[in-house]
Amino acid sequence: MKKSALLAAVIPLLSSQAFSATLAEKADDWISDVKKASVLYDNKDSFVRKVKFSWLEQFQAAAVQPNGSNGLHLKKGASPVNQEFRRSWLGVTADFKGDFTFRTWVRVGGLPERETFANGHTKRNFTYTSLFELWVKKSFSSVKGLSVQAGKIKSLFTLDYSIPSSAIYCIERSLISNQFAQDSNWGVDVTYAPSKQDKVYLQLMANDRASATKNTGNTDIYRDGRGFKGEFGWEDRCFAILGAAHKFHVTDSGYHEFSAQYLHDFDNAYHGKHKPGANYFGLGFQDAVSLGYEFKHGRFLFQSNLVSAFEQETGKGTNNIGIQLQPVYSVTPHVDLIFRYTGMTGHEACKLASDRFICTQTLAPQWVDSINAFYFGADFYASAKDKNALKLMLGAEYTTARSGGADCYNGWTFSSAVRWSF
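The numbers in numbering that gives the first Met the number 0 rise by one with no breaks, and the one at position 415 of the sequence shown is 414.
Hints listed in this document are in silico derivations from the structure and should not be mistaken for laboratory results. Beta carbons: idealized from backbone N, C-alpha and C, even for Gly. Any given hint might turn out to be false.
Below, a list of computed lysine to aspartate or glutamate pairs in the DMTMM-like style, where the Cα atoms sit at most 25 Å apart [stated by the list, open to error]: (1) 35 with 385; (2) 96 with 132; (3) 386 with 27; (4) 96 with 44; (5) 195 with 385; (6) 386 with 256; (7) 136 with 251; (8) 25 with 56; (9) 386 with 132; (10) 34 with 98; (11) 386 with 98; (12) 96 with 41; (13) 384 with 310; (14) 137 with 94; (15) 35 with 94.
Label pairs and their calculated CB-CB ranges [unchecked claim]: (16) 307 with 39: 41 to 47 Å; (17) 263 with 143: 38 to 44 Å; (18) 74 with 45: 55 to 61 Å; (19) 286 with 362: 30 to 36 Å; (20) 307 with 91: 34 to 40 Å; (21) 182 with 371: 20 to 26 Å.
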């Protein structure tokens, strides 16, 4: 067969709906097979009813491009381009007789591929293993929707951070989420969710995870703040989150949902009485309120979040207020287009360091008076049935920051990532 004839036969096949449908079906099949293989044990009649293995991975590359030229804004010797395994997690979930669930998420490898510019030279980040989650949950059949969870758990504050890492639309969470989220910490969660439309929860978390400011002479510290991070000993260092969500006007095509969270930090650092050796790892503000709204209709999804925080822990700045607006449109079942606007204001109370590449590679300050960020992105899914199983993500975010009444940073961050979750 001549080359021209072969192309004439193949090109229509590649562009046909039948060929696309065949590829989609094959993706659905192998993703389904991997999901089934991840179930290590399944027997509802035994004491251990089900054991499932989980794996979340995200490899990404990014480049910062400040306005003007990189030569004027990059730290001397730093590279504008970086790559890293942003998320590399392994986990096990086990269900037991009596409505008990055990779960652990282990972060493996840290960011081994990322080059960080610090102390005048570029270095590869160290590799470590840390626990993101390690908890036991008891559900009570006598009270529908009531559960108690204890251990190292994820705090649920801000709309963006309440969404699992595998399901977020952008390559990185918003500046608001990064500033106000608490990662994970030791604590207790009591949740009452009598229906799929309503949920109320209370979390009490230890505010004592080891940080860069740790006192190495404190006998409570173990493993130098790496790996299994933290100090034990609650004293007065803890914070509480009260949250609720209500979904209404639920139809086959969409819904509306309101959510709200209030966070209070009991740490006495806000009044200048921080105890020697105490390691602060709380919100950074004594009180904060988050209001979220989500709307879905057909292919269109809109998420918004308003956050306000009061009495900054460092005493440097004032209160902080931030907003996130994020519309998402599904062009096809396999392609989503995303836009996100993030804005924050507060005298020396806005954490630009949440964007790691800007603050590790450029001369931008870590704390500023105001931030505006505009994200444009697209997600491509291997499977329309299970979008979060495997996807390619492309994003570009333009960030502006002001401090002391003048611009201190303006520029782009271009990113791409592959993320899978099984």
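Exercise. Could you tell me which of the hints above the structure violates, numbers in ascending order?
Key: Checked against the structure, the hints that fail are numbers 7, 11, 13 and 17, while the rest are satisfied.
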